[in-house]
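So the protein lines, in turn, are chains P and H. Each residue of the first sequence is one higher than the one before, starting from 3 at the first, in our numbering. Each residue of the second sequence is one higher than the one before, starting from 269 at the first, in our numbering.
In short, the hints are calculated from the structure, not lab data. None of these values were measured; they are calculated from a predicted model. There's no promise every hint is true.
Claimed, not checked - Simulated pairs of lysine-lysine, BS3-like, Cα-Cα distance not exceeding 30 Å:
| id | chain 1 | residue 1 | chain 2 | residue 2 |
| --- | --- | --- | --- | --- |
| 1 | P | Lys207 | H | Lys589 |
| 2 | P | Lys106 | H | Lys517 |
| 3 | H | Lys568 | H | Lys638 |
| 4 | H | Lys568 | P | Lys106 |
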Amino acid sequence: MNTIAHVLVIDDEAQILRALRTILSAHHFRVTVARDGEEGLALAVAEHPDIIILDLGLPDMDGIQVCEQLRQWTQAPIIVLSVRNEEGDKVRALDKGADDYLVKPFGTQELLARLRVAQRHAAMSHGEPDTVIIAGDLVIDLARHIVTLSGFEVKLTATEFKLLAYLAGHANRVLTHQNILNHVWGPEYRDNVEYLRVFMSQLRKKLETQPKHPAHLISEPGVGYRFVTD
Amino acid sequence: MTVTLFLARQELNASTISLLYLIPVIISTTLWGLWSGVLSAFAAFLAYNYFFIKPYYTFTVHNTQDIVALIIFLIVAVVISQLIGRTRSGLAEAVARENETIHLYQLSLELAGASSLDEVASVIARKVDETVHTTELELSIQPIYEKVAFQFSIPEGRQSSGEPDQIIPLETVRAFLGEIRLWLGSRLLTPAEERLLKAIAAQGALALERVALAHTETQARILEESDRLKSILLSSVSHEFRTPLSTIKAATTSLLSNEIPWEEPARTDLLMAVDEEADYLNYLVGNLLDMSRIEAGALKPKRQWNYLSEIVESAADRLHKQLSNFQLQIDISEDFPLIAVDYYQMEQVFTNLMNNGAKYAPKGSKIQIKASLQDQDFAIVKVTNEGPQVTPEHLDRIFDKFYRVTEPEKVSGTGLGLSICKGIIEAHGGRIWAENIPGGLAFVFTLPLTLDGNPPPHIEVESI
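Next comes chain P alone, as it looks inside the complex (with noise of 0.2 Å):
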């Protein structure tokens, strides 16, 4: 990343704009913000903002409303600010094409984290994706079906392997469970959560050094999973 990110942040509370403006402009991003949905569609429009961070409780329209308006001509990476225990909310703006979300109130690490996400996603998008994904001890060749951990080759069934690579695919970025079961076992089990819950548990005891408190293979409580690296 040679030129500076633009990030547009729609929200219409004041002093969360004016913490962001602050913080983000000393993580070397250029911020644009909007106040609220219409305003921010139209900054979208006339700045192309490389990354948008959205609120989704906006005073004019639903959040979830944008994000589905701003995907029908950019691929700017979204991400979604909702609050606790509306993970339908997140859900749905994840349906819609949201990236990734987060939780109000957020840390300004875990912020940046999600934005380094998403600035690598929009990199990817334009040259080949990694084939290789290295997270801690942990490694996996995409292409030549082989995972290690510490180096030493972990042998996995082939349902775990095509769970494995789907969420490794899509690093440090939330997945949410009917996207999995869609892709990894087909449309038919979509709402079959009971697969992912038993093979998740199967791929922690083979890849985690503690299954109990996983580091890599993340639940996101009522939403889906993460594959986190670092």
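Let chain P serve as the given structure and place chain H on it in line with the hints.
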């Protein structure tokens, strides 16, 4: 009778026979009433005339003395039969009155037992139906307090068929509450039935009014209670919020002031305090939101198949700071079935229950979480701590909002944690309670094993 007397004709004289002829008259009057008595008196007179007065086998009479006897006999027969008849109808009336009284007594008993408008209406309708055996009956009740107008019909679900034959209003001194409409077919109501119906209507109307008034009173009491709880909530919340806010304010103003050049460790310490207190405020707000959702009945668990152990571990991770001074022991077997719960809400339950242990139990003691199968339908989960026991009278009440065994000043929190747990567990179809155990306290709850009637899924893991 006539035959017997005929055979004894020679031995008895006419006047004796006439006296004996009073017997059938009395019997028939007693058994079948006034008119049959009069009829049998005439029949007896004719038979007596025909068989026993010379000339025999004719209705003609020659002896004047016999004629007089005959007329007297007839008069006596009629008078006696009338007297008996009158006694009989008097008795019948007395029985009818007694029946009415019993009817009304039963009605008042049943009405006293009815506690809702629907129950009262059904009692009235049934009683009216028992009293007059209508072909169809409809009870229509005016809107009373929040309840909309409603109807009660016998037979159930009947379609209205034309104008009713009789309408009896249900009204009290204060208000008109509705009416009873009767379809009687072709017959009319007797005065007795009409009287009884009016009495039923009067009692029924009073019962309706009583239920309505009782309801209004309950509503008023509920409002009063909820007002009281709201003010407790507000005071408890303001108190709880002010503490972390004070810390934040103190830390930030110190850092902002230029009087002291803060050393790096001191700066970090102050900022960490701000960070922790912000998290605590967030937790408080979350609790309040959960509570208001439970109150509004809006807490709909999104039940999905989950591993209980994963949820417990995740809650424990979140609480690691509070639990750092305790030994945490999680006993959930590897092969424990998947259980249909809302991940997020269950995590909240475990967080609150473990947090409760951490708040009251002595440092260094053990907090244990154990899950097992209670029977085919329920799993049972125990969260135990080695904290102080709770006296039996408090055991149920600790799940009430704001209920505290200890003084609020001594322990932090909104007093909502356990009642949120209760709300969540009950929304899942389970039950939660507290038990004193040797050397501590256990929170126990059950969770249904099935989801929409389906047992926990068993998924075969493929081999390599």
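Taking the hints in turn, this is what the structure says about them:
1. P:Lys207 to H:Lys589: The hint holds at about 26 Å.
2. P:Lys106 to H:Lys517: Answer holds: lysine 106 (chain P) to lysine 517 (chain H) is near 21 Å, not above 30 Å.
3. H:Lys568 to H:Lys638: Satisfied, since the Cα-Cα distance of roughly 26 Å is no more than 30 Å.
4. H:Lys568 to P:Lys106: Distance of about 22 Å is within 30 Å: holds.
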